[in-house]
Every structure is written in structure tokens, then in C-alpha cells.
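Given the sequences, and given the hints that come with them, work out the whole structure.
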Amino acid sequence: MTSYDETRLLAKFSQLHFGLIFLVCAVSAAGFAMLYSAAGGSWEPWAGRQLSRFLMCIPVVLFIAVTDIRLWFKYAYKAYFIGLALLIIVELIGFVGMGAQRWVNVGGVNFQPSEMMKIFLVLALARYFHTIHQQNTPHLAFLIPPGIMIVVPVALVLIQPNLGTSFVILMTGIGIMFLAGIGWKKFVFAGCVGLACLPLLWANMHDYQKRRVFTFMNPESDPLGSGYNIMQSKIAIGSGALTGKGFMEGSQSQLSFLPEKETDFIFTVLSEEFGFMGSMTILALYLGIVLVCLRIALRSDSYFGKLIAGGIAIILFLHVFINMAMVMGLIPVVGLPLPLLSYGGSSMISMLIAIAFVLNVYVHQEVPVRRAYDIFD
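All the letters of the sequence shown, read from the start, carry residue numbers 868 to 1244 under this note's numbering.
A couple of the hints might just be wrong.
No more than 27 Å apart at the CA atoms, straight line, and that leaves these computed lysine-lysine pairs for DSS-like [as the list claims (entries may be wrong)]:
1) LYS945 / LYS879
2) LYS1101 / LYS1077
3) LYS879 / LYS941
In short, the hints are calculated from the structure, not lab data.
Quick look at the structure:
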């Protein structure tokens, strides 16, 4: 590497959005603390592993952030098809856990491809809408390819089964199409079609998924069975009051009344120990990340960059909203982790990579990305 290349690389590092990095690190640090508390004051088995994954991801995040955005544009479709291939592999030889076939074993480590598929879809759709003329965007013929690009991974994830992730992928795709300038009337029509398909969806749902819906409507009907998780979650959140019971002082989590406290219900642990104030603090950090992503999207000179940053903001918002609403009993339990806070390698790694692409857009906000009309070159 020449001195000129080193200077350019250092210049890119200096252009990173350190405000966004701080917000991400703050949420992650809160996650490590909550996992430490959930384990009864031990780094094992969750907090230490989660911290190790975070540290191992730092070089990957920096590499993605400083790599020329035009390279990611070039490989966007390839990444999408790799994601589809991994989802198909899951169906063929995937690891079954907790009644679902969602993981593949890579070097002794279980990895969930559907988490990365969200990012690959954002890249592919961003490239597609960057490529076509904007005046062609509303035409039906130009909406068929992105529609297929969204439906295929949604279907593959839905049959694992993974209703929560398939919903996030679907809404992320729809959100990017909205950001690309698709008129609201087409979304209303699509929504009506979706409502008409609900009976078909219900007929094909697994029994445990149907029980979650019934439990959502009346959790008190089976407080020791299907309604146990959400009942304990509500008790924990309510008992936290304004300022919480204190770090590692939550009775529901420390006495193991709360199932899945390290994953989907980690927000419940935080709410019980730090109360309303702690919950609002973590919510403010998430809101800050989403707003920074949207601001970066607005500042990018390339349509490709705008849609990447906007798409990642949508993914983050959906995860936070659905998880928090779920643990508070506002929607049925769908098994969706809270970004950077919940324990899980696939979730942590994919979210850090997503943030890395937002950093990439910020660093390259003034870099022109060609509007190639040979779509699949």
C-alpha cells in the first residue's frame, strides 16, 4: 500500500459518523450489562460471548464502512442471491431448534441466514431502484421484479417457520418501495390483497403460532401455560415503576420466573431493574440511531445510498417496535430479538453489519454511483 493509499484510508476513517458509533456502543453496552444481570452476575453464559462477538465484528464493520460504495453496488445482486441460496440450504440441511428449522452450521457455529437476508434485500432493492429511471418507478411493469425479490425470501423464511422475521423482511421491502416513490394507492391495493389472504395464512399457521394469537387476545385464560411468558413480562415491567428495583435486583428475572430473559424478553429485565426511566433512556438511544440513519439517507447524493440508509432505519425501527410491543402484550409474541440488546450471534452480527453499511453511505455521501441500465451486469 502506497503512502497515498494510506492517506486516503485514514481520511475515510476520520470521516466515520462517530455519533452513530457512540449510540450503537451505548446500546450494546447496555445489552452486555443486562445479560450479565440476567445470568445472576456472571459473564457466562451470555454476556461474555456477546461481548466477544461484538469485538470480533469491529474489523468487519470498519472494512465495510471504508470500502468504496460502488463496490457494494456492483455486488448487491450477488449478495441477494447468496442469501437466497443460504435460505434454501436451511430448508435442505438446516439445524432444527425450538421447533423451527432456521439455522445452518458453519464451522461448529449455528448461523441464521434470515438475519443477513434483510440486509441483502436492502442492497438489492437499493440497486434496482437506483438503476431504473425514476419516472418508470410507478409503472406496474417495473414493480414486478422488486415484488418478486421481496416475496421469495419472505416465503422461504415463512416456511421455516419464522413469522416475525418474514414480516420484517416484507415490511422492509415495502418500506423501501415507498421511499423509492411508489404511490400510496398501490400500497392500499396491496394491503387489500393481503387482508384477503389472511384466511389462507391462518389455515397454514402452526398450532403454536395460533396459540400465540389466542394468548394475545386473552393471556389470563392460560396463565401457567401459553400465557405464562407474557403474564410474567407484564408483572416485571409493571413492578419496575419509575426508577426500577436496581441493577441485578429484579425478582422476576433473578428468580427465573421470566422465560427467554436473555433473548426476546431482555427489555423486560431492563424495565424491571431500571424502571420507566431506564426504558425511556434505551428507547431514546434507539430513536437516535434511527434518526441518524434517516439524516444520513437525506444527505447522500446517490439514490443507492439513500435507500440503503433508509432501509436499515426501517429494519431497526421494526425490530424495536415489534419487540417492545410484544413484551408489553400489545401484539402477539413472534420471537423477534431486540437489536444489540438481546443475546444471539446472528442478530448481533447482522445488526452491526447493517450499521456498517450506513457508515459506508455517510463516508461516501458525495461519491457518484453510476445509474447503469443494464440491470444484472
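Discussion item. Let me make sure I understand: some of the numbered hints might not hold for this structure. Which ones are they, in numerical order?
Written reply: none
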